[in-house]
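> Those protein sequences? They're chains A and B, same order as listed.
Just so we're aligned: the first sequence equals residues 1 to 188 in this note's numbering.
Just so we're aligned: the second sequence equals residues 1 to 125 in this note's numbering.
Simulated from the structure, these hints should not be mistaken for lab results.
One should not assume that every hint holds.
What the hints assert, rightly or not - Chain B regions said to be covered by chain A (calculated; three or more residues, Cβ under 8 Å):
| id | stretch |
| --- | --- |
| 1 | 3-12 |
| 2 | 67-81 |
| 3 | 91-98 |
Unchecked claim - Selected chain A positions facing chain B (in silico; Cβ < 8 Å):
| id | residue |
| --- | --- |
| 4 | Phe81 |
| 5 | Asn86 |
| 6 | Gln88 |
| 7 | Pro89 |
| 8 | Ile148 |
| 9 | His160 |
| 10 | His162 |
| 11 | Ala164 |
| 12 | Gly165 |
| 13 | Pro167 |
| 14 | Asp171 |
| 15 | Pro174 |
No experiment lies behind these values; they were computed from the predicted model shown.
Ideal Cβ positions, reconstructed from N, Cα and C, are used throughout, including at glycine.
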Amino acid sequence: MVIAGSSKALTHDMYRKVGQYRQKVFIETLGWDLLTMDGMEFDQFDRPDTLYMVSQDDAGAVNGCARLLPTHQPYLLGDVFPQLMNGQPIPRSPDIWELSRFAAVDFNARGGSALAQFSSGIAVQLLRKAIACAAEHGAKRLITVSPIGIERLLRHTGVHAHRAGPPMIVDGHPIFACWIEVDDVVQG
Amino acid sequence: MVDTGYIYLTVDELCAGALVHLISGVDQECVFTGGAGATATAITGYTEWVSQGERILTLGWDWQMHAIGDAVCLQRIGPPSSNLMLQSSARRDLGHARTIALLNDYVDGFDWQHATLGHISVRYG
């Protein structure tokens, strides 16, 4: 099950679960150097207008999440990684939204890994839900800052996407900016 | 006009330029599943290449390692990802599918394996 909504729409308990899940995925598993507080990973882009997608298993445990931000407000790529745009203008438009903090690691499943997350059914469902949710809020395109592994998911999902620029090596791992077209998913 | 984010080149322009190796890696499962009882069924990874210049062309693809006798070789698996839209000589976009097909041929036509294997040997050796 995937639920979507702003931080105000999520229950306090669900919001905490999202922060704890992100800490487990991005800090403990992937080793990203991110802010953490009380066992939860949140940053300056987790605001009242931020949209969240949360996937849960049958027992209610979080097994996937994603975050959507409109690019006419402060967002991750524009404020932290503008160099990933390869010299192109930084997107600043209400019809371009950013997808970030995408994860679909099921810690209760055997054999899960940070890479395998990008080929799981949870990931496909979460990505489709995120794109549809962004479209409902006026998005015509998405831009994402992600590990390059997400391209496998984009291909697997059949989403039309292409790179905005070359990867940048952060902590030994390549991350990049990628354009995602919403039309195929919304019409499909 | 909408900025698509693409770099537009003809096939001849693509072939006239040179790509340089950026980074390659082995998939995490292959690196970390070698413990007791684990059996490696395939070693796979990625490689990333870029052009020089103001607007950088980026090209990356996945590969699988094979053993041929005493030697190992890498084979591309899956289509390349890029920021490139190929055009005809008349400067008409060839489209996503045709661009991917031509990039498949382009990647398979140059020796990327040597640099990739060398990088992996240093990184994981």
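> Report holds or violated for the interface hint on Asn86(A), using the least CB-CB distance to chain B and a cut-off of 8 Å.
holds (6 Å)
> Would the hint on Gln88(A) be counted as holding, given a Cβ-Cβ threshold of 8 Å to chain B?
With Cβ-Cβ at 6 Å, under 8 Å, it holds.
> Is the interface hint satisfied for His160(A)? The criterion is a beta-carbon contact with chain B at less than 8 Å.
This interface hint holds because 7 Å falls under the 8 Å limit.
> Close enough to count: is the Cβ of Ile148(A) nearer than 8 Å to one in chain B?
Holds, about 6 Å.
> Three residues minimum, CB to CB under 8 Å: does the stretch 67-81 of chain B make the cut for coverage by chain A? Let me know.
Holds, because 3 residues of the stretch 67-81 of chain B bring their Cβ atoms closer than 8 Å to Cβ atoms of chain A.
> Closer than 8 Å, Cβ to Cβ, for at least three residues: run that test on the stretch 3-12 of chain B against chain A and report holds or violated.
That given contact holds, which follows from 4 residues of the stretch 3-12 of chain B lying within Cβ reach (below 8 Å) of chain A.
> Using the nearest Cβ pair, does Asp171(A) come within less than 8 Å of chain B?
violated (12 Å)
> Less than 8 Å between beta-carbons is the criterion; does Pro167(A) satisfy it with respect to chain B?
holds (6 Å)
> Min Cβ distance, Pro174(A) to chain B: is it shorter than 8 Å?
Hint holds; Pro174(A) Cβ to chain B Cβ min 6 Å, cut 8 Å.
> Would you check whether Ala164(A) satisfies its interface hint, that is, whether its CB is within less than 8 Å of any CB in chain B?
holds (5 Å)
> Against chain B, is His162(A) within 8 Å by beta-carbon distance?
It holds, given that the least Cβ distance between His162(A) and chain B is near 6 Å, below 8 Å.
> Would you settle whether the hint for Gly165(A) is holds or violated, based on the nearest Cβ-Cβ distance to chain B being less than 8 Å?
With a minimum Cβ separation of about 6 Å from chain B (threshold 8 Å), the hint on Gly165(A) holds.
In this structure, the earlier hints numbered 3, 4, 14 are contradicted, and the remaining ones agree with it.
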